[in-house]
Amino acid sequence: MTAALSVHEISVSLPGPGGLIRVVDQVSLNLERGEMVGLAGESGCGKSMLALAIMGLLRGDKGHVEAKSVALGHHEAGPSSSHGMVDHRGKRIAMVFQEPTTALDPVFTVGWQISAVLRRRFNLDRAAARDRTLESLSDIGFSDATDVYRAYPHQLSGGMRQLVMIAMATAVRPEVLIADEPTTALDVTTQQQAMAQLRALQRDAGTAVLLITHDIGLIAGSCSRIMIMYSGQIVESARYETLFQKPLHPYSAGLLAAVPRIGSATPVNGIAGHVAPLTEQRVGCRFAERCARAIPVCRETRPTLLDREGRMIACHHPL
Amino acid sequence: MSVPSRPPLLEVKGLRASYRGRGGPLGDGKSAILALEDVKFCVERGQVLGLAGESGSGKSTLARLLCQLKTPDGGDILLDGKPLGTMSKAEKHEYRRRVQMVFQDPSTTLSPRRSIRQTLLEPLSHFGIGSPPERERMAIEALESVDLEASAMHRLPHQFSSGQRQRISIARALLPRPDLLIADEAVSSLDVSVQARILGFLNRLRQERDIAILFISHDLAVIRQLADNIGVMLRGRLVEYASADALFSHPAHPYTRQLLAAVPDPDPGSGSSPHLANNETALGLAAITAHRDESAGCRFADRCPEAMRECHRIRPALRSRPGSAAHVVECHLDPPE
Amino acid sequence: MNRDPAFSRPHGPRSLMRGLFRTGAGISGFVIISGFALLAMATAAGAIGSEWWQTSAGAWQGPGAEHWFGTNRLGQDIFARAVYSTQTAFEVGILVTIASTLLGATLGGLAGWYSPGWLDESILWLKGVLDSIPFYLLIAAIAYAMQGSPWAMHLGMTAAFWTGTARLVRGEVIRLKEREFVAAARAIGLPGPLIIFRHVLPNTFNILLVQATLVFVAAIKTEVILSFLGIGTRDGISWGVMLAESSQEVLAGRFGNFLAASGFLFVLLMGFNLLSDAMQDELDIRGQTA
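Chains as they are written, first to last, in the working numbering: chain A, 218 to 536; chain B, 2 to 338; chain C, -2 to 287.
Derived from the structure by calculation, the hints contain no laboratory data. It is possible that some hints are incorrect.
Subject to a maximum C-alpha distance of 27 angstroms in a straight line, what follows is the list of computed BS3-like cross-link-like pairs (lysine-lysine) [unchecked claim]:
1) B:93 <-> C:124
2) B:71 <-> B:83
3) B:71 <-> B:41
4) B:93 <-> B:71
5) C:124 <-> B:90
6) B:90 <-> B:71
7) B:93 <-> B:41
8) B:14 <-> B:90
9) B:71 <-> C:174
Just some of the chain B residues that point at chain C, by a computed CB distance under 10 angstroms [stated by the list, open to error]:
10) 48
11) 97
12) 100
13) 101
14) 113
15) 124
16) 128
17) 137
18) 155
19) 174
20) 310
21) 314
22) 317
23) 321
24) 325
The C-beta atom is built at its ideal place from N, Cα and C for all residues, glycine as well.
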């Protein structure tokens, strides 16, 4: 069966002080219908750029995108295709953006914005769109949906704006949903509700969801597979349980060891060093200087993502 | 809370504060919103008190009150038994030296056009600590104690990463040798691996120095890393207070149980939450509402799966858990065993 | 959430200069202005143009090798007069810019910090009053009140121009007031005015710089018009005075004064426009990553 979303070797380069800088380096991924996959990474790893590139939102001087192919189902929609993603956005593919403050248009009410999207998607008249909007707002958890409908974005708190964005994206019932840090501004109790909404969409509409987040716990609760991203590359990709029990990449292991658990007071460990600035393009593995297991080849050749016992890992000296 | 022989380092009694509401269909621009109501707790010397709360719990307002950035509408803040309200200007100045704050946002917490050296020297000269040559040395030592090099002194904040900036912010707070450090969501904006480093640093800090920490966060898992005691805040009230061990093993308030159940755990094996009582579920919370509920009853009544009629009408009093005087909870119900 | 340090741009005058030199507009603007500035300094030092008042040559001589723009009614070399006027222009520009920027930044800073409040209200009221008075009327009134003092013009312009700067600074201060580094300064007990001048105002540098160039231009243009009206430069020479002279002469077919004065003026103002456009672009771009 054709994957809902398949991306082959997408790269994003940004203009920097010394020329073009690769911020996303030949990333490939597939999303099957109805599955939720987590993409975990810390700041500067390129995950947001990757999302924008897939959505076709990086054009011109914002970023130079190259890809072998980006396909929604059967439809090729990558940067080299004749149409690109613009035809599919808001219908077959939707995105929940990271910044709730800037993603909503400040001069229109929240209700108007959601209705506008629904009208375009489903060809509804004003009244029907309004009803559906109110429905989606109360589904996501607003008890005063009518008040929220009439509110302008600046009148809502950050958490409420984020919920509005999730409501907007899920109401469209797309084939693919990319959610970039969809719950950062939400309380932990509200976060559960939002995730439940995403899972409902997955179940009822068969939407494939790419959940981009730094919160491993969030991925644990909802995703079947996880990909770990570091400095523009996917370094490990596996089924979640497999990775959790036995991470192969030293960065994955470090990341897991850094997450505090509610169940125990065992001190967490950070990862030595810090992410090398992307302007310093170097040969070899970008994690090598922070890695306790680095061997000479690590500093010479960049490891590629290879299949190993049913999982993907990019490392010369895995655990 | 026990009655010690000498007053606790910090005591908060009956604290009340409010602020103006926001406009629009979801708010009333005119009337005041109660941010904190009747909050009381103590922090002993060298202890870490974790304050857990979600948005609207009043924890940020509390932090601002403790730093004198805002004046309370009622109640008292006592440092070594002396109320802030009756302090002279000089005493308040000394209070500010002894109680220091680390803020949340590393990208705006340092003055952008001032060098690190200027930023670090400022509290020292303001509080008159040391002679000018000594201050330079103290600033460099402070940098080194947070694993940064002396060369950082002449750089500007934007040349550092978030983790480094937050460490500089901690160094700045520690320079006047405070007795109490207030960390208001100090690690919430950081990546998880960076966060882990800072937590490790704070742990080392409380072991090496006799410094108390008031650690405010929405993340109970993070609080668990540091706290000796934990207070849970909900809508301006402190609804539960216990030692960390007691809170995690026997959470008494239904809200605490909900909170613990809702925290995502990376371990896929931890399916059902051990904290919940039989008839509670992790989901099934009432809808989010923007309106402030100023009703007379318990603040959690509209969301509590076990709410009784009494809960909606009468504010519960703070009472101890049976068998543990130090573990208090504001709830009408008897906590599960 | 976090910002990759690799992409954050440096702040401050030095990096601004480097940024300006990247565009053709920035470079040309800078070159033109520097050229004029050097000219102004040279005339102030007496090296050039000091013969502007000499009536040695014959009247109404056409342009030639000895007098590039010819001579005027009194036999004075027009070119020398135009060159010397550069000093006048820069003197007015610099004095008015410095005075109005200082005044605007201070009052704007105080208004923004103490907003909402009586101080803010008072300063806003004052601003409103001054802005409502027609500009040339204000300056004429001050000029008459100061009866022939050579500084009347400078004072009048300062009184009119500080309001624009103050408005911008006030807005920026209100925005910056909520930032954590300000809260940190307040938390240790630093007094308000100290925080304004030490922590907040230095972050308005970009705004002040752009405003300063605009005020400089406005000052020069205003001087021209005031001199044309006879209430500007009295005891000296300026392009405005030359243009005033030329208004009658042009009707008689003598274009020397007109061409020289407006030519110099045009090139200088063009230089400023190029520079401030380049500066605005540069600061806007940096503003995005700030």
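ask   = Which hint numbers does the structure go against, in order from smallest to largest?
value = 1, 5, 10, 17, 18, 20, 21, 22, 23 and 24
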